[in-house]
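Trainee: With the hints as constraints, model all of the structure from the sequences given.
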Amino acid sequence: MDAKFIITWLIPLFPFAGWFLWGLFGKYFKGYSGYIASAFVVISFILSSILFFIVSYTHGFTTTLYPWIYAATFKVGVSADIDRLSVIMLVMVTGVSALVHIYSIGYMQDDKGFARYFSFLNLFVFSMIMLVIANNLLLLYVFWEAVGFCSYILIGFWYEKKSASDAGKKAFIVNRVGDFGFAIGVFLLFITTGTLNYETIFKMIPSIPTITVTIIALLLFAGAVGKSAQFPLHVWLPDAMEGPTPVSALIHAATMVTAGVYMIARFHVIFSYSQFASEVVLTIGTFTAFFAAFIALTQFDIKRIIAYSTISQLGYMFMAVGIGSYTAGMFHLISHAVFKGLLFLTAGSVMHGLAGELDLRKMGGLYSKMKTTAITFIVGGLALSGIPPFSGFFSKDAILADVYNKGFYFSWVIGEITALMTAFYIFRVIFIAFFGESNVDPKLHVHESPKIMTVPMIILASLALIIGFLGIPPFNTSVFYSFLHVDFKNAYNFAPFINNTPWYILSLISVLAGLLGIFTAYLLYIKKAINPETIKNVFKPIYTLSYNKVYIDEIYNFIIVKPVLSFSNFLWKIIDVSIIDGAVNGVASSFAFFSIKTKKIQNGMLMSYILTLTIGVVALLFYFFIR
Amino acid sequence: MSINAYLIVAGVIFCIGAFGVLIRKNLIIIFMSLELMFNAANLGLVAVSGYLNLIDGDIFVIFVMVVAAAEAAIALGIAVAFYREKGTVDIDKANELKL
Amino acid sequence: MDFFIKYLLSILIFFPLASVILLLFINKKNEGLLRNLATILSLIEFIFSVYLFIYFKPDTYKFQFVEKFNWITTFGASYFLGIDGVSLFLILLTTLLTFVSLISSYRYIKDHVKEFFILMLILETFMIGTFASLDVLLFYLFWEFMLIPMYFIIGMWGTGRRVYSAVKFVLYTLSGSLIMLFGLIYIFILHYDQTGYFTFNILRLYNTHIPLNLQILLFIALFLGFAIKIPVFPFHTWLPDAHTEAPTAGSVILAGVLLKFGVYGFFRFAMPLLPEATLILAPIIIIIGVIGVLYGALVSMVQKDLKRLVAFSSVSHMGFIMLGLFAMSAISVDGSILQLLNHGITTGALFLFVGMLYERAHTRQIADFGGIAKKAPILTTLFMISVLASIGLPGLNGFIGEFLILIGSFKHYMVLTIIATSGIIFAAVYLLWMFQRVMFQDITNPQMESFYDMNLREIITVLPLILLMFFIGFYPAPFLERIDPTVLHFLSIIGHHGYIHNLIKLKTGLSNA
Amino acid sequence: MLNISHIYNMNFLEKGMLSIMPEAVIIVFAFIVLFLTFFERLSKSNNPYYLSLISIGFSMLYILMLSGRTIDGFYGSIVFNEFSVFLFIGILFAGFLTILMSNNYINNFEVPLPEYYSLILFGVSSMMLLVSSNNLIMVFLSIEFMSITAYILTGYLKGNTRSTEAALKYFVLGTFASAFLIFGSVFIYAATGHLNLYNIHYFITSVANKGLINFGTIKIYLAIGLILFLVGLAFKMSLFPFHAWTPDAYDGAPTPITNFMATGIKIAAFAIFLRIYSLIYNFNIMDFNNILWLLAILSMTFGNIAAIMSSNIKRLLAYSSIAQAGYILIGIIGGGYYGYSGTLFYLFAYIFMTAGAFAIVVAFENFDLMSLDIKKYSGIGYKYPFVAAAMAFFLLSLAGIPVTSGFMGKFYVFSAAIKSRYDLLVLIALINSAFAAFYYIKIIVQMYMPDKEELIISSSNGVQRDRGSGGANLNKLNNDFGVVNGKINEGLMIAIFICLFFTLLMGIFPQIFINFAHNSINSLWSI
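Chains as they are written, first to last, in the working numbering: chain A, 1 to 627; chain B, 1 to 99; chain C, 1 to 513; chain D, 1 to 527.
Calculated directly from the structure, the hints in this document are not laboratory data. All C-beta atoms, glycine included, are put in the ideal place defined by N, C-alpha and C. Treat the hints with care, as some may be off.
[What the hints assert, rightly or not] 25 Å max Cα-Cα, derived SDA-like pairs, lysine to any residue: (1) A:369 x A:439; (2) A:362 x A:294; (3) A:527 x A:539; (4) A:527 x A:294; (5) C:29 x D:386; (6) D:158 x B:26; (7) B:93 x D:159; (8) A:600 x D:297; (9) A:161 x C:448; (10) A:75 x C:467; (11) A:600 x B:23; (12) D:219 x D:209; (13) B:98 x A:590; (14) A:161 x A:441; (15) D:383 x C:20; (16) A:573 x C:363; (17) A:162 x C:371.
[To be verified] To give an idea of the chain B side of the interface with chain D (calculated C-beta under 7 Å), a few residues: (18) 14; (19) 21; (20) 34; (21) 37; (22) 38; (23) 41; (24) 44; (25) 45; (26) 74; (27) 82; (28) 94; (29) 96; (30) 97.
[As the list claims (entries may be wrong)] Pair by pair, the computed Cβ-Cβ distance ranges are: (31) A:556 x C:36: 52 to 60 Å; (32) C:363 x A:359: 34 to 42 Å; (33) C:47 x D:58: 51 to 59 Å; (34) D:386 x C:36: 23 to 31 Å; (35) C:206 x D:421: 20 to 28 Å; (36) D:44 x B:65: 33 to 41 Å; (37) C:446 x A:359: 27 to 35 Å; (38) A:67 x C:467: 18 to 26 Å; (39) A:556 x C:470: 33 to 41 Å; (40) D:386 x C:47: 29 to 37 Å.
Mentor: This is the structure we're talking about:
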């Protein structure tokens, strides 16, 4: 029971307790539950910062709470693995959560499910913390699914709305599809290594044939694709915007969706050992980054746009881990958590001001009405589009630079184009929403959000300014790199640097791309130099494709959902009821039929009775004589 | 002259009786055929015990006769009752109990 | 006290019968008293069974609480009781679920109250007896008579086509178990031919040497008996009818306990008695099980009746259990046994909730519900917990069992396990879809406006089950450490047969542990 | 090993009287009961009823006194031994229960009571004679004696067409069959030259040891003789092709007499068949077992299938009794020590479950003479909880569900059959009893789960006509809970209790009875 043990397990304990309290006695706490819940999270934030310093000045350690499953040769304990990677995640998770909690007090204040909301939010924080500190795959998998469940329940928080509960269900099921792969990966890992503990596995990896490792890596990546909403399984994230906005900020921008990236970083040994798997990761990442940005171009739902941008940014992170520069990936993860959280919170504040209005076409000229929100939003936007000195610039360029220098030029090009599009769509939002003439429904009176909401926004905004400087280029000399890199030292260097173009050239290109995007948006929506409609008509097919999200949902519905349902109906109606049960009842009724037929013997005629008797005798005698 | 001949004759008589029971519809005649079957058996018994110089076969015959007489009494009783109710002794009329 | 411990099993078996006799003397008009008394007695029974758990020595596979008295000396049948790690928990499950289902039927059962409670207690006696008996004839006695009370419960208090379902249930199961009886008698006679004395003592019968081809035939005979009870895929059609039409308590017991007997039978009788046949037929049975997993899942996806949906879901879960049991690796068998308990707890709870919904809305059609969550938050929360447990969400009991089963079976039956694993996706689909349509969204059906939340009694009814879900989910060790030795011994029994011995050692991981 | 000469030398009369003491007691009482007719006053009251019960008691007493000995009388044509003791007790119980049932029932008809009871007593004594008889003459005589009483009792309800018709059919067929029986014994006599069963056994053994058993005339005569003899007995046991009389006679006869036929006559027939067959079992004469094998399967299948759709409870039980005969035969086929003791055990169990079922049928007939249609049983589970429960219990026992004697009996004979490797037979029998359960359960459904809905098989089979034993009164059929109010008289109650007691006891603690059966089988060869 040393200090480390206590501190480590106190961190998840507080949110856990919170979940319990609000879940059971929420209604007795009334409004206070929000404050206490936030307090709990703040405490665990403080604790994790302490842990952060402990780890950064000493070294990582492992601590076990209790033995969990001991079945025959299968032994797994509830134990934590604290190293620099996990503490960074811890600080990020608890920090952002704390801010979001505080923000939510204001945002949710007059919702009847107040206590319920905070209990689930605490549960999520708990699960996320456990996911981060887990030291074995089973525990990871457990909380991997647990955070999935939290997002399910929080997306469907307003369950009366069919769309909301649908979205929740969709999120859960799509995640399950990913987890299916993940689970198989875990099984394969277990039977090849005989354990689920990280260190042991990592030690054994080199002794395993590459093909197996590749399969394992790909299966695990399937889980990541589901959780982090990468291309084939990205469909749930935009719908997830049905949930309360703080939830989107916390779960669907800052923490949960990045779990996939974290997982790959955590398993860098496995992934770096199999080049093919890493290249798959890179490809998926690249494609998703572009694809999502492309869809985001034409949407009108402000939250959905940000959601798509999240998907695309996650694509960047996967690029990074795909080429083996895990530190860069983690860096972008952190900074993205900050500015994307910020964007969501501000978007939430906009909604709050407009009584839940989400459609861009019904906004405009809000700058004057809600200054704080507008400014913070713009900060976020700049960070997102990678304009110095905002954090996005440093982190994104760290990635792109590595991509280029490791010689993945194609991905780099795509990345730059994506950067352009990103800048465009986010400033499209900014220009339409905050500037230009107002299309706001005049009846409702637009107002700035209360302090309790704006303060977290401001904090995040300032963070978005500061954090970047942890990674002052050249990245591989920066503070962040030197801090975190040690954890990845035993990664297998499959993609060496082949050329070192100086960072400033590459940065210049991407900054230009960003500025270009912003400028285009400016031309279109402020200057009205070109009417958007004309462009729409020029690129009609592309526009419709983007506007309808490339019809992915429809395709899935057509090739998966419908066939499965009709097949099940076939199984039930035909196989079950008609064939099997029909056979059973058929036997019964055939007995009835025979019964009626046999009883014809018993026709009451003495003659026939005597006849049967005689026939019996004759038959017996006959049997004897033919023998 | 072996025992077979007697037994064959007895068997023939027995079969005649059985056929009588089988094909006749009149109750009385059926009873008579039954008697015939019994007597076929008697013949057989007498023959066998004569052939083997045993006594118990003959004793058996006596018993069979007695029993046959008793049965005849019952038979007539039942026949009368049946006639009272159905006004005939045609056994095809006895078809109330069936299936 | 030590007397009490010594004869605890007999006390457990016959206490309900004694209670029945007590109940017989109560006027059937006095329903309140009957209800309370029966419930209290079943609670006492449960408390007794907890002693079983307390005094059970975890670290041995040997049978404990053994009692042995001569019964039919001519056939060497004896009143031979004893439990190991597996039957221990199944007995606990039985007593718990009986208690729970008795409370649950306070309001549900309106007519013939006395008969109902008497039948339930009789049923309990026979269920416990089946789990506790180590004598084949005794086992069969309990096993077979168990049908009758259940038949009455379905037929007299059921809904809809109850008589059809009841008769179907009895005939289906009876025909199976009669063929099983044939197999058992045959083994009994074979043992006689080899040793020259009759015995029904299962531990002795384990040593019977049976030629392989005969083993396979006998295994098929036993298989029919047990598979129908489980029920395995093609023999399952009695289950939806019986579950659907039975009263809540009936469904709970049916799903919670009666389905376990099939697996228990395989575990205790079919597999150890006919090890080689088991090893040869295992792949086929696993295939059947996996088919069951997907089949049950897919079919329940399109069900319109709540109870029917849950019923088909248990076909799917039982498929998992079969997979784990016949994969015959220590981990997977552990998982199967644990999953037996989990399925009992979870599905029992689900049926309880469906029963509550039915009591309030008088319909089981999913389409008629919607928006309950607004009216009944407690019901929603607890119902959701049990749904998630059934989906196999980590942190709840269902996950542990399923995960152990799958990870254990994966080594030897990779493809089949992968196919089975896809079942967890479908589970999520049909259960969450059901939950959404019933609980969430907005109230469409006006008569749901009058929907009221759970009262204290109902909360008490489900609370033990909910707590168990969390407990097993977070800390399964107390269960696994008792199950584990038994399972290893079970596998070694199967293993002790010639050329397959080493193979088995490999499977159980005894050698590479 | 009986030595004839040694019997001839000694004073056989007292031995003889001793050997038939139990029968004699009953016969004496039967006459006393008969004489009651002359006294108007006595005969009207219940005296005959009580007297006959007492007589059974006395005879039981004598059996207990004599039991354990082996006495043979009348030149060894009567043998009293453990075997007969076992069956005596069975038969006496059958008679006892029959008399108990008869009391209220028969008073519903204008028929003289003393004759009725005395006839039952004569019937009982004849059965006892049959099971203890050790000589073909004796066998023939007692079978005829038994049948004649049965004929009379079947047609006893004067002016009731059904009763008379039943008697007629039963008589014609019965006599026809016994003609076969006697003709068969002619051939056996011709083959062996003996009428005394034991001598026949002795003779066959010697011939078999010489290896001449399947040779020449002996073979042919023996074969014909045994087959015809078998036919004669199979008729009484109501095995398949010779069953034809069973449903009609059971249906038409007064219900207590139906019970009498179902229990007493069947047991006696089986017992004597067992005794005779056990003499020739060992040297499998022209593998006679196959014939029995066939008969067993045919009877049980026919009985069960025919019973499924019967709507008249008495006919249903008749068909089921055909099926039961099939099961019992399995024990005999199984043969050997266990087979025979199993058969006896099953017979003993069979008495009580069948008698119990019939007792309850009688009870409901007493309430309402129409209530033979199963539909009329709907809902009685709630009106008469105890009786209905008992009925359910007996039906379950007939279906062979555990904790009842029926299961133990089945288990016993089946395991015996498997022991001598008649696997297929047992398998078929088990499958049979699986779907036999349906029609027993059908009745329980009627009793406890009355409603309009359909079973798997819609209960609306071809014949829907009312088959009451009184005059048809169709409008009484229409009321839903068919049974009119009434109370069950103590006689019936006692009968039901006895049956319940034994059915349960034999189901749970069969050991005593098994031992008993074993003893009797041991004495079977120690004639």
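Trainee: For a quick check of understanding: which of the numbered hints are violated here, in increasing order?
Mentor: none
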